[in-house]
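A.B. asks: Sequence:
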Amino acid sequence: MFSDFCYSCSAPLDMPFFMSSVPHYCNQCVDDDGNLRPYEEIHTGVVEWLKTWQPNIDDAKASERATHYLKAMPAWADK
Numbered sequence: 001m002f003s004d005f006c007y008s009c010s011a012p013l014d015m016p017f018f019m020s021s022v023p024h025y026c027n028q029c030v031d032d033d034g035n036l037r038p039y040e041e042i043h044t045g046v047v048e049w050l051k052t053w054q055p056n057i058d059d060a061k062a063s064e065r066a067t068h069y070l071k072a073m074p075a076w077a078d079k
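Going letter by letter, the sequence shown gives residues 1 to 79 in UniProt numbering.
Mixed in with the good hints there might be a few duds.
Each computed DSS-like pair below joins lysine-lysine, with the alpha-carbon atoms no more than 27 Å apart [stated by the list, open to error]: (1) Lys61 / Lys79; (2) Lys61 / Lys71; (3) Lys79 / Lys51; (4) Lys51 / Lys71; (5) Lys51 / Lys61.
Label-pair ranges, simulated between beta-carbon atoms [what the hints assert, rightly or not]: (6) Lys61 / Pro16: 28 to 34 Å; (7) Ser21 / Asp59: 31 to 37 Å; (8) Asp32 / Ile57: 29 to 35 Å; (9) Ser21 / Glu64: 30 to 36 Å; (10) Trp53 / Ser21: 18 to 24 Å; (11) Lys61 / Asp14: 27 to 33 Å.
Derived from the structure by calculation, the hints contain no laboratory data.
Ideal Cβ positions, reconstructed from N, Cα and C, are used throughout, including at glycine.
All chains, full assembly: derive it from the sequences and hints.
C.D. replies: Shown next, in the form of structure tokens:
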């Protein structure tokens with residue numbers, strides 16, 4: 001079910017590591033006040049995440065892929 005995933009990054013919200021007090025968003029995508037972090041900050045996080053499991057990817061390609069990935073997320077679909 002889609003509601004089990006973060007609307008910003010698609011992290012699984014049923015995993016304790018990602019749980020937050022804000023519905024539909026993980027603790028990596030919201031600040032301490034429960035506000036969605038800026039797009040640029042989420043984009044940087046996705047770039048770094050991509051580089052952890054795609055070790056031969058360069059920064060430009062990781063950034064391009066992160067942009068495409070985030071466009072599929074409800075929080076960033078219009079970005």
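A.B. asks: Out of the numbered hints, which ones does the structure contradict?
C.D. replies: 10
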